[in-house]
Amino acid sequence: MRQKAMFIVPYALWIVLFVVAPLVLILYQSFFDINGHATLGNYANYLTSSVYLKMTLNSVWYALLITLVTLVISYPTAYVLNHLPNKQFWLLLVILPTWINLLLKTYAFIGLFSRTGTINQFLQFTGLGSHQLLFTDASFMFVAAYIEIPFMVLPIFNSLAEINPSLINASYDLGATQWQTFRKVIWPLSMPGVKAGIQAVFIPSLSLFMITRLIGGNRVITLGTAIEEHFLTTQNWGMGSTIGVVLIIAMFIIMFMTGDKKQKGGRS
Amino acid sequence: MKKLFSAFFAVVLICILLALGDLALNHQSTGGSGKTLTIYNWGDYIDPALISKFEQQTGYRVDYETFDSNESMLTKIRQGGTNYDVVIPSEYTVQRMKKEHLIAPLDHRQLPNLRYIDPQFLNQAFDRGNRYSVPYFWGTLGIIYNDQKVTGKDVQHWEQLWNPRLKNNLMLIDSARDVFAVALITQHDSVNTTDYQQLKLAQHHLKQLTPNVKAIIADEMKMYMEQDEAAVGVTYSGDAREMMNINHHLHYVVPSEGSNIWFDNMVIPKAARNKTAAYQFINFMLEPGNAAQNAKYVGYATPNAAAKKQLPKKITADKAFYPPANTMKHLQTYRDLPLRVLGEYNDLFLEFKMFAK
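Sequences listed follow chains D and H, in order.
The opening position of the first sequence corresponds to residue 413 in this note's numbering, with each subsequent residue numbered one higher.
The opening position of the second sequence corresponds to residue 48 in this note's numbering, with each subsequent residue numbered one higher.
Some hints here could point you the wrong way.
[As the list claims (entries may be wrong)] If you only want the chain H side, here are some residues facing chain D, beta carbon under 8 Å, derived:
| hint | residue |
| --- | --- |
| 1 | Ile264 |
| 2 | Asp266 |
| 3 | Lys269 |
| 4 | Glu276 |
[To be verified] Have a look at the derived ranges for each label pair, beta carbon to beta carbon:
| hint | chain 1 | residue 1 | chain 2 | residue 2 | range |
| --- | --- | --- | --- | --- | --- |
| 5 | D | Lys517 | H | Leu67 | 30 to 36 Å |
| 6 | D | Tyr519 | H | Lys356 | 49 to 55 Å |
| 7 | D | Gly523 | H | Asn330 | 43 to 49 Å |
| 8 | D | Glu574 | H | Leu67 | 33 to 39 Å |
| 9 | D | His449 | H | His204 | 43 to 49 Å |
| 10 | D | Met669 | H | Ala265 | 45 to 51 Å |
| 11 | H | Arg178 | D | Ile665 | 15 to 21 Å |
| 12 | H | Gly68 | D | Ile427 | 34 to 40 Å |
| 13 | D | Phe664 | H | Val59 | 20 to 26 Å |
| 14 | D | Tyr519 | H | Cys62 | 37 to 43 Å |
| 15 | H | Phe52 | D | Glu574 | 42 to 48 Å |
| 16 | H | Gly68 | D | Gly539 | 37 to 43 Å |
| 17 | H | Ala265 | D | Ser542 | 24 to 30 Å |
| 18 | D | Tyr491 | H | Lys49 | 34 to 40 Å |
Bear in mind the hints are in silico, worked out from the structure with no lab data behind them.
Don't be surprised by glycine CBs; every beta carbon is placed ideally from N, CA and C.
All chains, please: the whole structure from these sequences, using the hints.
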């Protein structure tokens, strides 16, 4: 018994130092104004400012769109990958881009999308003329989805791989069509992967900020932009932390909504 | 398991070898002497040949470290544990460092070469009597334009940026103070205003600029302007110089009705370890020959009058980088504003960016 207690020490230390303590610090900071006086003003400011509320709406809306786009692309990808020979190799190709630094990938897209970039050169060559691609919502969504796709494919792929093939065979034996099998057997069984994927994509998308500037040209403003500004330029850490707390709450809501409800006796 | 252990061992071995290599290289360059001068400066902001020259003249070893923003530099120095001997912050940061007692007053007797500095750049509002700082380079905020897309006479003044012909063709620097400076100058207010009404008015004016704004970005603007992505940009003279070196269709204008003028300055932090060397270095950089060589390398405007005389006419006659006296007299420096006001600038700027859709 005592030995077991010893094993938990590194884990407990890790959680307390690097998870609980930072969260408490952010919460603590959010109750101070720029002069170091304790106040609830930051929250009042957040809740009464149309700028921040609109920004929150923007962030949630874009994160939702990014998640949907990634899901629509990733589910069929994961499904097909599962039926290929050498599927581990094909999966590796999907994961490979995550080995490259995020900033480098973003800069690569600047080279592709700019007015004199590869895509515009191709469009001109085919007689379609050059178009404004950078600094548009579409290019922002495209790059964000590109970056998040591996994080969606991976969990879905794993949960699809875990499905016992005999369940699918049984479904066919009992006369279900391919569509019915997918809807009644494969989709529900792959749900945990989909939920994990949504968590892994939606939450980081809420606070994207590098891509909003580099590809979106700061015409897409999310809460991440505001946090960066408060911590680096105005040095109003209190307000920055308040927005941080809002994001944390949003994440808990997402976790709760996509969490496994089986243990609570519901049907999934 | 065995494989895992050998992989781990290999990584540790590589790390040790790298550390030993680093140590050996460092040891070689010190030549055993413990006399070092540590400089903390912006990236690529000094002619490296001058560092070697200083090392040969004085026998000190120079450690050159770089930062990329005043704020990150300030945070690092504030936290302590650093031993930089010479730091080169911009003027509003000098003011803040002074307020926080992070920099030491200068002994002018040890800086005889200070006499070469043009008096119009001395005794500025951010540091009266230059008690703490010596100007290093100076520059302006201005308009950069591409002559293939607009004619020069259409972009001589700030108000012309509002021209509907520039629709979706203007890039702004992602900085609240600079963007508001543009709007405040068009309504004849100070760029350091603390009057919320004036700021609100400026923001209202800026919102009318939004159809023209293509992007609000930082350093990336250099790359975009070089690649002809937009016709016009609002940027600093230093960045403009870099862009113009690459794309010869770009030109830089300082509007005659006024703009921001900035200074980068040499200061000695309180925590400096080698003050004698620091004074020697500042004095060395003020020597006209060295200052001129540095200005040629960096490409910014030098505040050193004697050095300016040594520069080729082609450089000093360029009105974009050495504006004529009647423009100079309308230029304003930024003062370090109270955090509350700074917050107002940034909140209004954030709102403007949201509106920029």
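Each hint tested on the structure:
Proximity of Ile264 (chain H) to chain D holds as hinted, the smallest CB-CB distance being about 6 Å (cut-off 8 Å). At its closest, the beta carbon of Asp266 (chain H) sits 10 Å from a beta carbon of chain D; the interface hint therefore is violated under the 8 Å criterion. The closest approach between the C-beta of Lys269 (chain H) and any C-beta of chain D is roughly 12 Å, which is over the 8 Å cut-off, so the hint fails. Interface restraint check: Glu276 (chain H) against chain D, minimum CB-CB distance 5 Å, threshold 8 Å, status holds.
In this structure, Lys517 (chain D) and Leu67 (chain H) meet the distance hint of 30 to 36 Å, their C-beta atoms being roughly 35 Å apart. Checked against the hint of 49 to 55 Å, the C-beta distance between Tyr519 (chain D) and Lys356 (chain H) comes to roughly 42 Å, which is inconsistent with it. Checked against the hint of 43 to 49 Å, the pair Gly523 (chain D) and Asn330 (chain H) passes, with Cβ atoms roughly 46 Å apart. Under the hint 33 to 39 Å, the C-beta atoms of Glu574 (chain D) and Leu67 (chain H), about 48 Å apart, miss the expected range.
Range check, His449 (chain D) to His204 (chain H): about 44 Å between beta-carbon atoms, so the 43 to 49 Å window is met. Restraint check, Met669 (chain D) to Ala265 (chain H): a C-beta distance of roughly 36 Å breaks the suggested window 45 to 51 Å. The hinted range of 15 to 21 Å is not satisfied by Arg178 (chain H) and Ile665 (chain D), whose Cβ atoms lie roughly 55 Å apart. With their beta carbons about 38 Å apart, Gly68 (chain H) and Ile427 (chain D) fall inside the hinted range of 34 to 40 Å.
For the pair Phe664 (chain D) and Val59 (chain H), the supplied restraint of 20 to 26 Å is violated, since their beta-carbon distance comes to about 40 Å. At about 29 Å, the beta-carbon gap between Tyr519 (chain D) and Cys62 (chain H) misses the expected band of 37 to 43 Å. Evaluation of the 42 to 48 Å hint for Phe52 (chain H) and Glu574 (chain D) yields a failure: the beta carbon distance comes to about 31 Å. Against the hinted window of 37 to 43 Å, the Cβ-Cβ separation of Gly68 (chain H) and Gly539 (chain D) comes to about 56 Å, which falls outside the hint.
Range check, Ala265 (chain H) to Ser542 (chain D): Cβ separation about 25 Å, and the 24 to 30 Å hint holds. Checking the proposed 34 to 40 Å range against Tyr491 (chain D) and Lys49 (chain H) shows it holds: the Cβ atoms sit about 39 Å from each other.
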